[in-house]
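Q: Sequence:
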Amino acid sequence: MAIEASVNSLQHSSCILRFRRNPIANRKAFLGFGFGFRHNEIRCENIRSSSESQGRRRGEAVVVAARKRNQSPVRCAAEGTLFGGEETEAMTEEVGTMMMPERRKVVILTACMMCLCNADRVVMSVAVVPLAEKLGWSSSFLGVVQSSFLWGYIFSSVIGGALVDRYGGKQVLAWGVALWSLATLLTPWAAAHSTLALLCVRAFFGLAEGVALPSMTTLLSRWFPTDERASAVGISMAGFHMGNVVGLLLTPLMLSTSIGISGPFILFASLGLLWVSTWSSGVTNNPQDSPFITRSELRLIQAGKPVHPPANIMAKSKPSLRLLLSKLPTWAIIFANVTNNWGYFVLLSWMPVYFQTVFNVNLKQAAWFSALPWATMAVSGYFAGSASDFLIRTGHSVTSVRKIMQSIGFMGPGLSLLCLNYAKTPSCAAIFMTIALSLSSFSQAGFLLNMQDIAPQYAGFLHGISNCAGTLAAIVSTIGTGYFVQWLGSFQAFLTVTTFLYFAATVFWILFATGERVF
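Position 443 (the sequence shown) corresponds to 704 in the numbering used here; numbering is contiguous.
Hints in this document: simulated from the structure, not taken from any laboratory. Be a bit skeptical, because a hint or two may be false.
What the hints assert, rightly or not - So the derived label-pair ranges between C-beta atoms look like this:
hint	residue 1	residue 2	range
1	Gly-521	Ser-688	23 to 33 Å
2	Ser-751	Ala-458	30 to 40 Å
3	Cys-689	Ser-399	27 to 37 Å
4	Ala-564	Val-619	50 to 60 Å
For glycine and all other residues, C-beta sits at the position ideal for the given N, C-alpha and C.
Whole structure, please, built from the sequences with the hints as guidance.
A: Below you can see the structure in the form of structure tokens.
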């Protein structure tokens, strides 16, 4: 009975689509209606019967495809593709010259933006080594320079999140990328001018980059249905991690050329400005506003997620900070963000220095050892997103999926960093760091998506709050690593502290996180 009902519903929709989208056949059927009424009536009846028959066959095929994919027939019909090699006539007519769904174009551009976002950070992590040698910086002051990016980043997280909720991700991202590209371009000049100028430019750079993550998560939540959102975030974050690879490999090569320190900064700043010009003309805040999206893709997106109030209503009903902080799921996200940023920025800022000081490798070798973990993290992040979407499609609750992914994202790095204390060769250390970062990417399908789960209308604001706390933790960990190394002469103590923080955050997440809507 359920199959028959689904087939009848899909048959009806197919007949209507066929009637609307075949105007030539319709005109022939009704031509001369006043002169041969009976003949045309019979002919019209034949057309209707044929349409109903084809609609029923299409409906049956959609139901079969839905069963194979563990999805509802309505979703498969909206998507327009019968998995198993067939393609519906409606999809063929509607796509026509469209080679790629519009939402995929959005996620590719977002991934490119995230790649530039992280590459611009990493350039300084590598260039700071020759700068420290040239200017005679100590390990503790090196930590201060590395953390200066976070001074501005901590303020823009909350502001940027609120701006994204109000104005959408398109404009906020465009301004953010333009401003941080300008700051990247000015960094070599500031370093040559004075240390104070360098710290100010890096703080401004962080201020501009603070809008990237809230904009990315909010924009993708509008462009993708719920059971594709983790994969979309995984692709975007894969771009983010590939930015580490690109920055770590290209920067030492460009530093060794005649251009010197200015080379990599000029390159990535130029790429950022090029991205802004492409983004501004090709993307909208919401899929329904896009002039390029097809009706079938828009139906697919809207059918796969809950309907939210318009942006102007959302802005007027902004929850108080006290209300957000009164719920334990909010604190689970904040604690997870703190732990994730603590470990992430320790590895991001200090990995080249770690390989150079502990294993006495040169800067180019340190860059290659440092790049490998980030490359595997990009792949594992996409795998984590796909696995998360698959579990949700097959009937697992969002809460259980978020807890599983986040537990892997914390326990894996914690155990790996503990083992890193016993690494005796750079190859062994690179393996442990690769495992740590690869498993930490599962957090992308954990707390990073959970903000949209518990507060879909205020996710940008919540992301800003949690990212503010996470950035403060990143500042402490980045500076603290420098002081620990200077006082104790090794990285072991700080790696052990980071390990226990991962374990504590895992327990808190399992106890208090939820995938249900709270706000």
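Q: Hints first: check each against the structure and report whether it holds.
A: Hint check:
1. Gly-521 <-> Ser-688: 23 to 33 Å: 31 Å, holds
2. Ser-751 <-> Ala-458: 30 to 40 Å: 33 Å, holds
3. Cys-689 <-> Ser-399: 27 to 37 Å: The hint (27 to 37 Å, Cβ to Cβ) holds, given that Cys-689 and Ser-399 are roughly 29 Å apart.
4. Ala-564 <-> Val-619: 50 to 60 Å: 53 Å Cβ-Cβ, so the 50 to 60 Å window holds.
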